[in-house]
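Kindly generate the complete structure, drawing on both the sequences and the hints.
Top to bottom, those sequences are chains A and B. Letter by letter, the first sequence follows residues 1 to 110 in my numbering. Letter by letter, the second sequence follows residues 1001 to 1114 in my numbering.
None of these hints come from the bench; they were simulated from the model. Any given hint might turn out to be false.
What the hints assert, rightly or not - Derived coverage of chain B by chain A (criterion: at least 3 residues anywhere in the stretch with Cβ under 8 Å from a Cβ of chain A; other residues may be distant): (1) 1019-1029; (2) 1036-1044; (3) 1079-1086.
What the hints assert, rightly or not - Straight-line C-alpha distance at most 27 Å; calculated DSSO-like pairs for lysine-lysine: (4) K1071/B with K102/A; (5) K79/A with K1057/B; (6) K2/A with K102/A; (7) K1071/B with K1014/B; (8) K1057/B with K45/A; (9) K79/A with K45/A; (10) K45/A with K1014/B; (11) K102/A with K1011/B; (12) K42/A with K79/A; (13) K45/A with K1011/B; (14) K1057/B with K1011/B; (15) K102/A with K45/A; (16) K2/A with K1057/B; (17) K1057/B with K1071/B; (18) K1057/B with K42/A; (19) K2/A with K42/A; (20) K102/A with K42/A; (21) K1057/B with K1014/B; (22) K45/A with K2/A; (23) K79/A with K102/A.
These figures come from a predicted structure and were not determined experimentally. Just so you know, even glycine gets a beta-carbon here, dropped at the ideal spot from N, CA and C.
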Amino acid sequence: RKEVEQDPGPFNVPEGATVAFNCTYSNSASQSFFWYRQDCRKEPKLLMSVYSSGNEDGRFTAQLNRASQYISLLIRDSKLSDSATYLCVSLRRGYSTLTFGKGTMLLVSP
Amino acid sequence: DTGVSQDPRHKITKRGQNVTFRCDPISEHNRLYWYRQTLGQGPEFLTYFQNEAQLEKSRLLSDRFSAERPKGSFSTLEIQRTEQGDSAMYLCASSFPAGHNEQFFGPGTRLTVL
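This is the structure we're talking about:
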């Protein structure tokens, strides 16, 4: 079983829609979590860190559920420019290296 | 541009040749990471430096791979006797050990082994 699992999609949504991605992790020692965004043939870019209490950054909201070992990302009012692959990432306690999921592809259409 | 830089951006080589990639991290970041990404997969960790010390190596890093960070600034990743399975995007990231240890990635070096 992969340590971080995501639905690869693609998720096809119209502009203005709300879309949510979930991600599950199997290692209970995972301490910190992140969402990265990756455009086609580009490097991953940090979208947001995920805090235990949940956090929001503009149209993006991230939630962490430690009991169920899942992380979510909600995107409201989708824009064409949100089309990308969203990578769920964990960091284990005492380690410095990131573990990535395979990513979920989002396609926002006019 | 004060982000992470990598050189070259693209490398095409023949099987059996040696290749070397360079990464320059963000200047105040003392941690540097190498990852590899193949099509349809997320990046996979290869190795990690804190200053000049190589602190962790993945099982993915075979004997043909070696990485250095001699002065705690830039790093090089060398692949000897390349194989077609080495074709991938090689990503470098850097971070400062504070907060949540957010890592920032360079543009990557895309390696194609013919």
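Here is how each hint holds up against the structure:
For the segment 1019-1029 of chain B, the stated coverage by chain A is not satisfied: 0 residues place a CB nearer than 8 Å to a CB of that chain, which falls below the threshold of 3. Evaluation of the coverage hint for the segment 1036-1044 of chain B: fulfilled, as 5 residues show C-beta separations to chain A shorter than 8 Å, against a requirement of three. Three residues within the 8 Å Cβ limit are the bar, and the segment 1079-1086 of chain B against chain A gives 0, so the coverage statement is violated. Restraint check: the Cα-Cα separation between K1071/B and K102/A comes to about 34 Å, which exceeds 27 Å; the hinted pair is violated.
At roughly 39 Å between alpha-carbon atoms, K79/A and K1057/B are farther apart than 27 Å, so this suggested pair is violated. Proposed proximity of K2/A and K102/A is supported: the alpha carbons are some 10 Å apart, at most 27 Å. Taken as a hint, the K1071/B and K1014/B pair is broken in the structure, with Cα atoms around 31 Å apart against an allowance of 27 Å. The suggested pairing of K1057/B with K45/A holds, with an alpha-carbon distance near 23 Å, which does not exceed 27 Å.
Under the criterion of a C-alpha separation no larger than 27 Å, the hint pairing K79/A with K45/A is consistent with the structure, at around 18 Å. Annotation: proposed proximity of K45/A to K1014/B is violated, straight-line Cα distance about 31 Å (limit 27 Å). About 24 Å separates the Cα atoms of K102/A and K1011/B, which keeps this hinted pair within 27 Å; it holds. Proximity of K42/A to K79/A is assessed by CA-CA distance (about 19 Å); at most 27 Å being required, the pair is judged to hold.
Between K45/A and K1011/B the alpha-carbon distance is near 23 Å, which keeps this suggested pair within the 27 Å criterion. Proposed proximity of K1057/B and K1011/B is supported: the alpha carbons are some 23 Å apart, at most 27 Å. Annotation: proposed proximity of K102/A to K45/A holds, straight-line Cα distance about 15 Å (limit 27 Å). Among the hinted pairs, K2/A with K1057/B is consistent with the structure: their alpha-carbon atoms are about 19 Å apart, no more than 27 Å.
Distance restraint check for K1057/B and K1071/B: the Cα-Cα separation of roughly 19 Å lies within the 27 Å cut-off, and the hinted pair is therefore satisfied. Proximity of K1057/B to K42/A is assessed by CA-CA distance (about 24 Å); at most 27 Å being required, the pair is judged to hold. Distance hint between K2/A and K42/A is fulfilled; the C-alpha atoms sit about 24 Å from each other, no more than 27 Å. Proximity of K102/A to K42/A is assessed by CA-CA distance (about 15 Å); at most 27 Å being required, the pair is judged to hold.
Restraint check: the Cα-Cα separation between K1057/B and K1014/B comes to about 26 Å, which is no more than 27 Å; the hinted pair holds. With a CA separation close to 22 Å, the supplied pair K45/A and K2/A stays within the 27 Å bound. Proximity of K79/A to K102/A is assessed by CA-CA distance (about 23 Å); at most 27 Å being required, the pair is judged to hold.
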